[in-house]
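Quick note, the sequences are listed as chains A and B, same order. Residue numbers for the first sequence, in our numbering: 1 to 289. Residue numbers for the second sequence, in our numbering: 1 to 289.
Just so you know, these hints were derived from the structure itself, not from any lab. Quick caveat, the model's predicted, so the values are computed rather than measured. We put the beta carbon where it would ideally sit given N, CA and C, even for glycine. Errors might be hidden in some of the hints.
Each pair of labels, with its calculated beta carbon distance range [to be verified]:
#, chain 1, residue 1, chain 2, residue 2, range
1, A, P53, B, G71, 48 to 58 angstroms
2, B, Q229, A, A88, 47 to 57 angstroms
3, A, V238, B, P53, 49 to 59 angstroms
4, A, R145, B, D135, 32 to 42 angstroms
5, A, E54, B, G185, 50 to 60 angstroms
6, B, Y70, A, D96, 15 to 25 angstroms
7, B, Y70, A, E92, 35 to 45 angstroms
8, A, P278, B, P278, 39 to 49 angstroms
9, A, E232, B, P278, 48 to 58 angstroms
Protein chains: 2
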Amino acid sequence: MNRRERFTDAPIGVFDSGVGGLTVLRALLAQLPHERFVYLGDTARLPYGTKSPETVVRYALQAAEALAGYGVKCLVIACNTASAVGLAAVSEHIHDVPVIGVIEPGAEAACTASRSGHIAVIATEGTVRGGAYQDAIVQRRSEARVSAVPAQLFVALAEEGLCRGPIAESVARHYLDPLFNAKTGASRPDTLVLGCTHFPMLADAIRAVVGTEVGIVDSAETTARHVRQTLEAQNLAVRVGEACLPKPAGRREGSLRLLATDAADRFARIGGRFLERPIRPHEVELIDL
Amino acid sequence: MNRRERFTDAPIGVFDSGVGGLTVLRALLAQLPHERFVYLGDTARLPYGTKSPETVVRYALQAAEALAGYGVKCLVIACNTASAVGLAAVSEHIHDVPVIGVIEPGAEAACTASRSGHIAVIATEGTVRGGAYQDAIVQRRSEARVSAVPAQLFVALAEEGLCRGPIAESVARHYLDPLFNAKTGASRPDTLVLGCTHFPMLADAIRAVVGTEVGIVDSAETTARHVRQTLEAQNLAVRVGEACLPKPAGRREGSLRLLATDAADRFARIGGRFLERPIRPHEVELIDL
Numbered sequence: 001m002n003r004r005e006r007f008t009d010a011p012i013g014v015f016d017s018g019v020g021g022l023t024v025l026r027a028l029l030a031q032l033p034h035e036r037f038v039y040l041g042d043t044a045r046l047p048y049g050t051k052s053p054e055t056v057v058r059y060a061l062q063a064a065e066a067l068a069g070y071g072v073k074c075l076v077i078a079c080n081t082a083s084a085v086g087l088a089a090v091s092e093h094i095h096d097v098p099v100i101g102v103i104e105p106g107a108e109a110a111c112t113a114s115r116s117g118h119i120a121v122i123a124t125e126g127t128v129r130g131g132a133y134q135d136a137i138v139q140r141r142s143e144a145r146v147s148a149v150p151a152q153l154f155v156a157l158a159e160e161g162l163c164r165g166p167i168a169e170s171v172a173r174h175y176l177d178p179l180f181n182a183k184t185g186a187s188r189p190d191t192l193v194l195g196c197t198h199f200p201m202l203a204d205a206i207r208a209v210v211g212t213e214v215g216i217v218d219s220a221e222t223t224a225r226h227v228r229q230t231l232e233a234q235n236l237a238v239r240v241g242e243a244c245l246p247k248p249a250g251r252r253e254g255s256l257r258l259l260a261t262d263a264a265d266r267f268a269r270i271g272g273r274f275l276e277r278p279i280r281p282h283e284v285e286l287i288d289l
Numbered sequence: 001m002n003r004r005e006r007f008t009d010a011p012i013g014v015f016d017s018g019v020g021g022l023t024v025l026r027a028l029l030a031q032l033p034h035e036r037f038v039y040l041g042d043t044a045r046l047p048y049g050t051k052s053p054e055t056v057v058r059y060a061l062q063a064a065e066a067l068a069g070y071g072v073k074c075l076v077i078a079c080n081t082a083s084a085v086g087l088a089a090v091s092e093h094i095h096d097v098p099v100i101g102v103i104e105p106g107a108e109a110a111c112t113a114s115r116s117g118h119i120a121v122i123a124t125e126g127t128v129r130g131g132a133y134q135d136a137i138v139q140r141r142s143e144a145r146v147s148a149v150p151a152q153l154f155v156a157l158a159e160e161g162l163c164r165g166p167i168a169e170s171v172a173r174h175y176l177d178p179l180f181n182a183k184t185g186a187s188r189p190d191t192l193v194l195g196c197t198h199f200p201m202l203a204d205a206i207r208a209v210v211g212t213e214v215g216i217v218d219s220a221e222t223t224a225r226h227v228r229q230t231l232e233a234q235n236l237a238v239r240v241g242e243a244c245l246p247k248p249a250g251r252r253e254g255s256l257r258l259l260a261t262d263a264a265d266r267f268a269r270i271g272g273r274f275l276e277r278p279i280r281p282h283e284v285e286l287i288d289l
């Protein structure tokens, strides 16, 4: 059995500390509707962003190991914190399949999109402090100027379902006005990276503050595209006809398995909003890491 | 050596999942300035509020056990989630010293303060769903009507230091207007319990929304008073003269030891605001549970 035969039908593993990575999964389901997915939310130990790098690496390795147990053909670290500090360790540990984080595709897309080279990144305070986006952008465009701003409250707003309306917009103004609407004549970024998997949920409120001229890089979208390209390049994607053709007999349907390490009810309730389809608590399997 | 000799000089142990319990510690330091305190923030595993009751009980027992190792004379569970689901288990396990949670003193104070018997409780979603405040209030005043509202965003606002100003007030209005300023003529609670240790940080914004007639029960304050009364009743408090007299030779100064299970820097940075005095990262000892 060759590599393609062994792997094509295998699932794609996706993990995050909680529900945030479901925005990445949603983008993956849209890009790769015929694949099987196993998503793991390490809800017992969320959030990763406030934990030390050593702890996050340890958790990421455990999550990767658990997903490797499902025979995955590709591993997506759909968590900014785990991508920033754990990608190298996970890639080394799970060396026989591609391991893809969310930082590099987002940085790549921002560098391509920006004309001026002034790129803003909003993320959790841990991601900003760690500097992974800043490093990944400057590696690609050494002249780039990166303005990174922690926007921690967006996480709570997204989980609370307060993604639109006056509260979301006033919080967006609080974080983004100093960068995008300053009266000082300071240079304005032309590109904004949503450097946290929760933030695509607030895209409308963010857009209302930054205006239509700023390019918004949704790292969930860019990561999903990168996963598709990687699988296609390695000839590991499920082969399908054109998406708009009627389904031929025998073509495999995509599927989704949801795992969490705790609190399946909350995962289902909040995760449904992130995935944009209802999740029933009994669909969520509890596992130990 | 009798019980008093063995115990009076022993420290008081306080634990929480993170920095929130520092509002309780701050109130304890004010009520009992001559005592020694050991505070443990289980920052590696916060938040407890999104975890299952079984997990929280396990964590609470580990934290209690760790503090028992410091020879504490009293254990304060300065965390609503751990108090709600773990008080009984911890009291049973650490049976030789008083174990005091934050729920019962808050419920007691609310029942005493309310004239109408209509009491509002704001807390995290886990605390509200668990129903511990509702139960504790109705046990004391069976005719009481309890309106419990989850106000999850207050946690993020307090940690972000956005405790005053338009964002804090618009979030406060979001949660509290339906209860306190409804146009429907529905009965208005006369008492509001801040049922999360983070919420005293937002007392000004909350007061601005509910107005001056509503009695606000700060469960940090009420818990600290309850701890002092318990120690005095059991003759275990450090004996001191009147607080306003000059310090006599040999009177013991209070002291404070801060423990965390991860991320001492963040604990120090955010905790300093909660404790209302700067905490330097090197003051925070990392321990494993």
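**Prompt:** Honestly, which of those hints from before does the structure not fit?
**Reply:** 1, 3, 4 and 6
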